[in-house]
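So the sequences go chain by chain: S and Z. Numbers 1 to 653, taken from UniProt numbering, label the letters of the first sequence in order. Numbers 1 to 653, taken from UniProt numbering, label the letters of the second sequence in order.
Quick caveat, the hints were computed from the structure, so don't treat them as lab data. One should not assume that every hint holds.
Note: identical chains are not told apart, hence a pair may lie in one copy or across any two.
Unchecked claim - Below, in silico cross-link-like pairs of lysine-lysine (BS3-like), each with a Cα-Cα straight-line distance of 30 Å or less: (1) Lys-230 with Lys-9; (2) Lys-572 with Lys-266; (3) Lys-287 with Lys-578; (4) Lys-431 with Lys-466; (5) Lys-230 with Lys-644; (6) Lys-246 with Lys-554; (7) Lys-54 with Lys-431; (8) Lys-230 with Lys-273; (9) Lys-9 with Lys-233; (10) Lys-307 with Lys-572; (11) Lys-640 with Lys-456; (12) Lys-554 with Lys-644; (13) Lys-165 with Lys-233; (14) Lys-25 with Lys-572; (15) Lys-266 with Lys-246; (16) Lys-419 with Lys-382; (17) Lys-572 with Lys-273; (18) Lys-307 with Lys-419; (19) Lys-247 with Lys-431; (20) Lys-648 with Lys-552; (21) Lys-266 with Lys-307; (22) Lys-419 with Lys-273; (23) Lys-578 with Lys-297; (24) Lys-419 with Lys-113.
No experiment lies behind these values; they were computed from the predicted model shown.
Protein chains: 2
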Amino acid sequence: MSHGETLRKVERGSRIVTVVPQDTKLVLQMPRGNLEVVCHRALVLAQIRKWLDKLMFKEAFECMRKLRINLNLIHDHNPKVFLENVEAFIRQIDSVNHINLFFTELKEEDVTKTMYPPPVTSAVQLPGDPEGRKVDLICDTMRAAMENINPHKYCLSILTSHVKKTTPELEIVLQKVHELQGTGNVPPAPDAVSAEEALKYLLLLVDVNDLYDHSLGTYDFDLVLMVAEKSQKDPKEYLPFLNTLKKMETNYQRFTIDKYLKRYEKAIRHLSKCGPEYFPECLNLIKDKNLYNEALKLYPPNSQQYKDISVAYGEHLMQERLYEPGGLVFARCGAHEKALDAFLACGSWQQALCAAAQLHLSRDQLAGFGRSLAGKLVEQRKHRDAATVLEQYAQDYEEAVLLLLEGAAWEEALRLVYKYNRLDIIETNIKPSILEAQKNYMAFLDSQTATFSRHKKRLLVVRELKEQAQQAHLDDDVPRGRESDLFSETSSVVSGSDMSGKYPHSNSRISARSSKNRRKAERKKHSLKEGSPLEDLALLEALNEVVQGTEKLKDEIHQILKVLFLFEFDEKGRELQKAFEDTLQLMERSLPEIWTLTHQQNSAAPVLGPNSTANSIMASYQQQKTSVPVLDAELFIPPKINQKTQWKLNLLE
Amino acid sequence: MSHGETLRKVERGSRIVTVVPQDTKLVLQMPRGNLEVVCHRALVLAQIRKWLDKLMFKEAFECMRKLRINLNLIHDHNPKVFLENVEAFIRQIDSVNHINLFFTELKEEDVTKTMYPPPVTSAVQLPGDPEGRKVDLICDTMRAAMENINPHKYCLSILTSHVKKTTPELEIVLQKVHELQGTGNVPPAPDAVSAEEALKYLLLLVDVNDLYDHSLGTYDFDLVLMVAEKSQKDPKEYLPFLNTLKKMETNYQRFTIDKYLKRYEKAIRHLSKCGPEYFPECLNLIKDKNLYNEALKLYPPNSQQYKDISVAYGEHLMQERLYEPGGLVFARCGAHEKALDAFLACGSWQQALCAAAQLHLSRDQLAGFGRSLAGKLVEQRKHRDAATVLEQYAQDYEEAVLLLLEGAAWEEALRLVYKYNRLDIIETNIKPSILEAQKNYMAFLDSQTATFSRHKKRLLVVRELKEQAQQAHLDDDVPRGRESDLFSETSSVVSGSDMSGKYPHSNSRISARSSKNRRKAERKKHSLKEGSPLEDLALLEALNEVVQGTEKLKDEIHQILKVLFLFEFDEKGRELQKAFEDTLQLMERSLPEIWTLTHQQNSAAPVLGPNSTANSIMASYQQQKTSVPVLDAELFIPPKINQKTQWKLNLLE
């Protein structure tokens, strides 16, 4: 049967005789003449809604229970009204069993959205609790009302309201049951439920082992025994355990229980209070359960325990290859030697030097350490930092200058040379380095230009082929729309066509850069392979990368142009300036050809036009949708060549 | 009359009698019975093309001259063939006058593209010279051929070929005329033209003053006199001038002529050869005409003159506020003091220190200079560089640490503190700075979040209003398409509506940042003013900026989190980490709401659909085109929040 409330299958030929007013009954006459009464759901729900609006909860509840309408509707129909009239609801129902039934059926789902959507004429649709805390809210509101009306009478319902919460409040429930046992001094209230009864009821709702564990978690052995007795557990098993526990010092006892219940955070908190002789056990648990952060809060920062936990934490982080955080943890607790290793491993050179300072190394030791640190920094291509370390900690400004030259930090290299008055290094190293770099830049620009032109040429070919294929499609006027069709055609055209669009094998001369580029290429989303379905996107991506790579060179080029001029290598400077300008201009001129308006807008232009029909529009719209994933939208934005960046040295004009 | 070659107006009722075969004549019978002969252009051009294809230049030329067909067609019809058969052309024409006529009509325009487009049946269309050097190419090719056939006979045509070049080669022409005068020893060739005749002819082609100036430019006084005599110039004027020149030393004479002709580059070249006593005059001219670059090439780099010119150049650049280039020029010629000032002015601190080193300053002088340099660098917010200068050149590591703290370079500050073993600074300055910075970041994140939410809320309002307005449009089904209409409606709705979308006055607490933001805001393309036509774009732009501004903070936040942890300000660290994470999450969650697919594609989605008609599609397409300029396309790409950036310190979880 469908959940739609208005449709109901009946025998063919049935006739409606009447609808009973103010009721949910519909009288039908069957083809054979007999009368039948059905409660049509549309009528039922309409009636229930009316009752609920009038706060006639009793009538609504009875009817829903009889006709098995989900009880959540009582709340969901109008949450605000229900929550404000919970007392009326309870007083009208006036039955612990029925209230428990209501609790049992509660769920987060809003049945007015799923099972019983209101008819279209319904006026306002109130939004449910957006936080998805519906059940918890009802439980808490109902409990408050019941405790107000008669906590004894509604005892079991109150317990149910705790159990039904998203995180069942079993400790509270157990505590309340425990209270029912009373001390024997106060006579039980007349309509009170006995602890026995309550516990029995509870075991219907909750798994006995759960309840036992939670009772243990209260550290209240009376409670534990009470539950244990009701459970199927063997007293020979749990009694010795409880007796052992009882003999323990309170904190250690609680620790043992926490550990048994796998509540490790609580466990170390209790263990930490047991005195220093238990610290090794505590530290083991901390390491075992990775509770360093929680553990550090339990000890004062200047205690030995704090330091021990920190060292263990740091070592754990190092194992996870989290060197910098590890170093920070070591540094914070004064484990400078370990901090030094950690910071060295991750190239946090300033922190490493701070740690080294606190180890009071000899001058030679410091120099040696400086050298390893510099080596690490060079690996990470941080030449300036490496040079600072060598100059200031290893007193080796000569090596520092060489590193600066390797890192193309020309002006900083010059500064050191003048600082130490070693102008001879200009001739022996600086000038040759600059000239070498100029040569490398020339070669790099050459390869960038070649790649750019190759990709651009191929892109135009691919677009042409695609357009032809698409045209063929539109001519058919059959929206096949499946990309694979489109591209299998294209690729067959490609493989059979002339070689003009094929790539010559690339032969980059800058090895450092090319390996970097290779790694980048591997990360690419689309394949540049000829005839691959999204080859045009791959080409756009590659072209974008070439342009951005060139654009990023501006500052470096400006730096070298300045020193080329300074050392009177005007010709070399002019040559590089010209090459770079030509490269930029080539790219700039080509941008509108590559990032055309048409292709920018997903070829939106050809879709509409004097010759388009409704079919052709829909067909190509369909095609576009499938062939260009939205995620690639940024590919259709041309890269920026910033005209304002002042890379050029006008002195070299 | 139109240039179309196939249409020709004739009297109504005219009849074609016959077309003369192998000729261009068309015989018509007029309504009154008389016969008329016309050369119909279609026939004429067809015939000319045939002749040209058969290399019958004579026939083609004669016909074209008679019927006033532009002579460029001889070349343009098939440039390759013509240029390969220039000798045949000259030999067939065999007339100096006709050849000169041909030269005179030459122009860059390709007449087959403009005046005489070939009929559609024409087979191949050969592209003209792409470089637009057509005239020069014809002149040079023809001249070579004429000099080969008979240089004496074609003398005047040869001269014409020089004059007709894009840059007329008047010196060469004058030289050739001069040669015609002969030395008197060799008898003139039989068919030779006299110098007199040639000069007369030349004056028909070229303005006499131009010719006089160019003759002067050859530094050949015979030539000058020859031209001067033919000109209308008063000998009392030019003779004294020429006599004064004649008395001068050759280089000075040439300098004087160059200067007179305003050829300043040549002028300084000649003046530089006149000896050191003329250098001041030369330097003045260099300064006056801004010829520093050219002048520097005339003197050896280690000469005093080179240095003097460089200094003048540098001073010129300084006046133009080009401090860095100025400094480079000074540094290159060894003007270290001036270089120092220049590099100081632009904050090129390393270069400035190089210059200072070469001035052999005292320790105190160097320290003083270091302090001003550091001040300059702080102005440019280069705190690290400033600290390096103070530490290494002013021996003031304390001030260096303070600058590093100001620049949020916590780890570098710590390094210096440990390097100089001044751990007391940690308590007195570093920790307070870190805590202050934490507070500022908190406030900044607060204001970023507020701005973001405000703009986002307003954007949704604006979109709603726009959609309503657009809907009203579409319902009319009249594509008005004019944006102003659309938005005058919108803005009137806005001004009359409730205040919920209005901004409260912003009250940023970070003054340094807010002034930066203010400057940024001034650069914005669109107005955020409420109801402004592109307010939604302005909001997108502003939102993009807020997101990017937050995204850029990641590294700074990571840095401060590390030191907060190191100094056990865990709570402050956690607080900042949480605030930053919340800010990022708020933005991230909102991105799809702000950069919706619909608005990303220029609201392309609502254009098509089951309810759209051809009219509605076109109307909204039209509207989109006008309302969203393509330049703003990038506004529709959501900013990136890079998930991979590791800004978070897990230690603070």
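Against the structure, the hints come out as follows:
{"no.": "1", "hint": "Lys-230 with Lys-9", "in the structure": "neither (51 Å within a copy, 119 Å between copies)"}
{"no.": "2", "hint": "Lys-572 with Lys-266", "in the structure": "between (72 Å within a copy, 25 Å between copies)"}
{"no.": "3", "hint": "Lys-287 with Lys-578", "in the structure": "between (63 Å within a copy, 26 Å between copies)"}
{"no.": "4", "hint": "Lys-431 with Lys-466", "in the structure": "neither (52 Å within a copy, 63 Å between copies)"}
{"no.": "5", "hint": "Lys-230 with Lys-644", "in the structure": "neither (83 Å within a copy, 54 Å between copies)"}
{"no.": "6", "hint": "Lys-246 with Lys-554", "in the structure": "neither (77 Å within a copy, 53 Å between copies)"}
{"no.": "7", "hint": "Lys-54 with Lys-431", "in the structure": "neither (95 Å within a copy, 65 Å between copies)"}
{"no.": "8", "hint": "Lys-230 with Lys-273", "in the structure": "neither (34 Å within a copy, 120 Å between copies)"}
{"no.": "9", "hint": "Lys-9 with Lys-233", "in the structure": "neither (53 Å within a copy, 119 Å between copies)"}
{"no.": "10", "hint": "Lys-307 with Lys-572", "in the structure": "between (60 Å within a copy, 22 Å between copies)"}
{"no.": "11", "hint": "Lys-640 with Lys-456", "in the structure": "both (17 Å within a copy, 27 Å between copies)"}
{"no.": "12", "hint": "Lys-554 with Lys-644", "in the structure": "both (11 Å within a copy, 27 Å between copies)"}
{"no.": "13", "hint": "Lys-165 with Lys-233", "in the structure": "within (27 Å within a copy, 115 Å between copies)"}
{"no.": "14", "hint": "Lys-25 with Lys-572", "in the structure": "neither (100 Å within a copy, 67 Å between copies)"}
{"no.": "15", "hint": "Lys-266 with Lys-246", "in the structure": "within (18 Å within a copy, 111 Å between copies)"}
{"no.": "16", "hint": "Lys-419 with Lys-382", "in the structure": "both (21 Å within a copy, 21 Å between copies)"}
{"no.": "17", "hint": "Lys-572 with Lys-273", "in the structure": "between (75 Å within a copy, 27 Å between copies)"}
{"no.": "18", "hint": "Lys-307 with Lys-419", "in the structure": "between (44 Å within a copy, 25 Å between copies)"}
{"no.": "19", "hint": "Lys-247 with Lys-431", "in the structure": "neither (84 Å within a copy, 49 Å between copies)"}
{"no.": "20", "hint": "Lys-648 with Lys-552", "in the structure": "both (14 Å within a copy, 28 Å between copies)"}
{"no.": "21", "hint": "Lys-266 with Lys-307", "in the structure": "within (21 Å within a copy, 81 Å between copies)"}
{"no.": "22", "hint": "Lys-419 with Lys-273", "in the structure": "neither (60 Å within a copy, 41 Å between copies)"}
{"no.": "23", "hint": "Lys-578 with Lys-297", "in the structure": "between (64 Å within a copy, 19 Å between copies)"}
{"no.": "24", "hint": "Lys-419 with Lys-113", "in the structure": "neither (78 Å within a copy, 68 Å between copies)"}
The structure fails to meet hints 1, 4, 5, 6, 7, 8, 9, 14, 19, 22, 24 from the earlier list, while all remaining hints are met.
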